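Chemist: Residue numbers (this note's numbering), protein chains in the order written: chain A, 1 to 291; chain B, 1 to 571.
Note that these hints are calculated values from the structure, not bench results. Any given hint might turn out to be false.
[As the list claims (entries may be wrong)] Examples of chain B residues toward chain A, derived with CB under 8 Å:
no.	residue
1	Leu202
2	Phe220
3	Ala250
4	Gly258
5	Ala266
6	Gly267
7	Leu381
8	Pro414
9	Ile422
10	Ala423
[To be verified] Chain B is nowhere near these chain A residues, computed Cβ spacing over 12 Å in every case:
no.	residue
11	Ser38
12	His41
13	Asn133
14	Pro149
15	Val165
16	Arg180
17	Pro205
18	Glu214
19	Leu219
20	Val226
Since the model is a prediction, treat every value here as computed from it, not as a measurement. Glycine included, C-beta positions come from ideal geometry on N, C-alpha and C.
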Amino acid sequence: MEVTQQLKPKDYRSDIPPVWCAGCGDYGVLASLTTAFSANHASTANTVLVSGIGCSSRLPYFVTTFGMHTCHGRAVPIATGIKLARPELKVIVVGGDGDNFSIGGGHLPHVARKNIDITLIVMDNSIYGLTKNQVSPTSRAGMVTSTTPYGSPDVPLNPIAYALVYGATFVAQSFSSNARLTADLIGQAMNHKGFAFINVISPCPTFNKVDTFEYYKPLLRNIDEVHTDKGDKIKALSLAMTMGRESATVPIGLFYQENRPSYVELLSGIKTRNKGTNKPDLEKIIDVFKL
Amino acid sequence: MGKDIIIRIGGEGGEGVISAGDMLAQASARAGLEVLTFKTFPAEIKGGYAMYQFRVSAEEILSHGDTFNIVVVFNAEAYEVNKGLLKPGNVLVYDGPDAGIDPKPIEGVVQYAVPMTKISKVDLSSPISKNMVALGAVVQLFSFPMDSLVELVRNKFRKKGEEIVNINLKALEAGAEYVRSNIKKSDRFIVHPTKPEGDAILLSGNEAIGLGALVAGCEFFSCYPITPATEIAIWLAKHLPKTNGIVVQAEDEIASLGHVIGASYAGAKAMTGTSGPGLDLMTELLGFASMAELPLVIADVQRGGPSTGLPTKSEQSDLFLAARGGHGDFPRIVLAAATIEDCFYLTVDAFNLAEKYQMPVIILSDGSLAFRTEKIKRPDLAKLNIMNREVYSGNGEFKRYEITDSGISAVSLPGQPGGQYIATGLEHSETAAPKYSPDYHAMMTEKRFRKIENIEDEYAASEYDGNGDEDIGIISWGLTQCSVREAVKRCREKGLKVSALYPRMVFPVPVKAIRKFASSVKKVLMPEVNYQGQFAELVRAHAGINPIRYDIYGGLPFTPEQIEAKIKEVI
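With the sequences and hints as input, model every part of the structure.
Modeler: Laid out in structure tokens, this is it:
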């Protein structure tokens, strides 16, 4: 075990400087993450940050915990493997909207319904930035990008509704420049037992000229003003379905939280895994094949 | 009895062909006989032609054999499929006269009609017991050990209740009784049970892979179901939790290898099982695992391809994929199992090699081997060497991807203070920081490949059988080796000078052994069950020799007869 002296947020920063553009929303998420680590006494040795591919997926290099920078869209299953093999580790996935809702979209329903005890922080900028300005699954309809020069024909995906419907047991949304709320939600998510999902709206100043900080700021509302029963999934879903449209607001804060046994708790085998005392009787298992 | 007997049972999928065959094989094994089974079945759930063949002998059995001595047909389709294969000396046992089978007399073929349908339907009022009636008849006809079978039936159906046990025993006896009262035996096939050995076990190829994983210390298995690999997962799902391990069914093959990669990073010995289409999907993460230097094992139980191909048949056509699949240059190790014993021991080796070299290891099996059951010597666990990856000591500066002479660098596991690092798919420095300069990419690529540069010196990559001056030498891999062994034995008995090389590792190609072997013979023959001669291509490219190819690609393995004929043709 590590010495349990509380580290300052900057102590979680590695000496590798971020490669993000000036004004990128992801800086705010990185700052909130290290604040949350500090506030929650996170151990750098017992925490693993996992990412896929994209601008935001570079984040693990910039912190001092264990980490994995993996393949596009595959951070969630890889993080799942870490958590199932070593339930005592804190496992956090960071990545973008393309990574988690498009190429990796097939994994989200399953990590949510299985209630794998990991935290997923999506840095949602509604654009593909690393590959320079292509349409993303959360890009608004009609958006002009390099691959949709006549306007995107696609309806955008709703991250909060998506997570709620698939059975995530902690669903929240934040805005990258609201460092206090973001850090607070990350802390709550890390302490939540089960799959925690946080969509952080994280504007891209370089390629997304419509979903900017200036665009969002007047729309943001603290969800607690209208939604206090965090166990009310229908209300949470209703808010998720109407945000930014009929109400012309974007709620931020905790939408939903539920206590449900995590996958690790339900698995046979793992309960005794880390006791390390009961040596398996292999001969007895081989006896299965005895004539 | 001759040296051995091959019995084939054919019928419709769902008629109990496979379970009847399984029970007879197991009863024979219990009675001290060697057995080796071979099954084919339709890709559909019900209906279609299903076939179960097994070879039984008092002596060692090398392969599934050429064809059958005795064929038992349950329905007209099974008769139609097999009638053309009947030769003088064979025995035909058929469901007659009510099953629509109307065999014409064939010179030298003994035919026995047993009214299986009538006995089960009319006499016993239990149509589902037809396979047991047939089994009873076969046991009586050829003197199989009835006691073992009765005991087996009791054990198998005990859970379903005394009534079910009795129905099955009654059907078994009715079949036997019909033979005693109505048939005058006029063939030469009689089984002579020998003394049972105490330390033998009977298992399938897929079960042997599961057991090998468990014994090697596998703690984590994740898969997506796919024929013909699923039984590995089914067996481990039942038994791995007993060792506190975990089995997960993932949402797809990509996720299953993702799980395995995460578990491996966390320090667990981890594995997935799949078949060709699944391995296709895994190739991106396979490259990541090799780049990030994470140990893991993939069992690829090959089926015929491409695409959905032949889901329930086998081929040796995933070798290019296993050895070459994926973008960029990255090392991996590919082992190929030929027998049930191989399935077990090569899986143990696969885990050891993965741990030692910190890279993915693929075991190639195939559909025929997956479902074949064979009696093998119980493994002596005390003799198995189990290896673990080199872990950072905690002293000194930790460089996860340190450049070393062996290419191997110590790994740290999450939880270890001072061991923090980023396992990465980006090209990186010794401390895992992104670094894409030409010199770093060259240096790190060399480091990764250096790990397996001399693997042939450290791992028994192949087995040689010869004297060093033969007319023809055969190099084969996977299940084909079984038929080659039998063909080589037969050819030698006929005075032909034949040698063989049996590679266990097919990638890296065991170049030294192959070159030495090639220089000891006048010609090299390479039989393979694929169209492109995939191993011959690799051997040509890596060892610089030009073998004579013999490729078959119908979805069935080689028979010894085919190999023997080819040897005679090219010698």
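Chemist: It remains to establish, for every hint, whether it holds in the given structure.
Modeler: Now the hints, each set against the structure:
no.: 1; hint: Leu202; verdict: holds, 6 Å
no.: 2; hint: Phe220; verdict: holds, 5 Å
no.: 3; hint: Ala250; verdict: holds, 7 Å
no.: 4; hint: Gly258; verdict: holds, 3 Å
no.: 5; hint: Ala266; verdict: holds, 4 Å
no.: 6; hint: Gly267; verdict: holds, 7 Å
no.: 7; hint: Leu381; verdict: holds, 6 Å
no.: 8; hint: Pro414; verdict: holds, 4 Å
no.: 9; hint: Ile422; verdict: holds, 4 Å
no.: 10; hint: Ala423; verdict: holds, 5 Å
no.: 11; hint: Ser38; verdict: holds, 16 Å
no.: 12; hint: His41; verdict: holds, 15 Å
no.: 13; hint: Asn133; verdict: holds, 22 Å
no.: 14; hint: Pro149; verdict: holds, 29 Å
no.: 15; hint: Val165; verdict: holds, 16 Å
no.: 16; hint: Arg180; verdict: holds, 27 Å
no.: 17; hint: Pro205; verdict: holds, 23 Å
no.: 18; hint: Glu214; verdict: holds, 33 Å
no.: 19; hint: Leu219; verdict: holds, 35 Å
no.: 20; hint: Val226; verdict: holds, 35 Å
Of the numbered hints given earlier, the model fails none.
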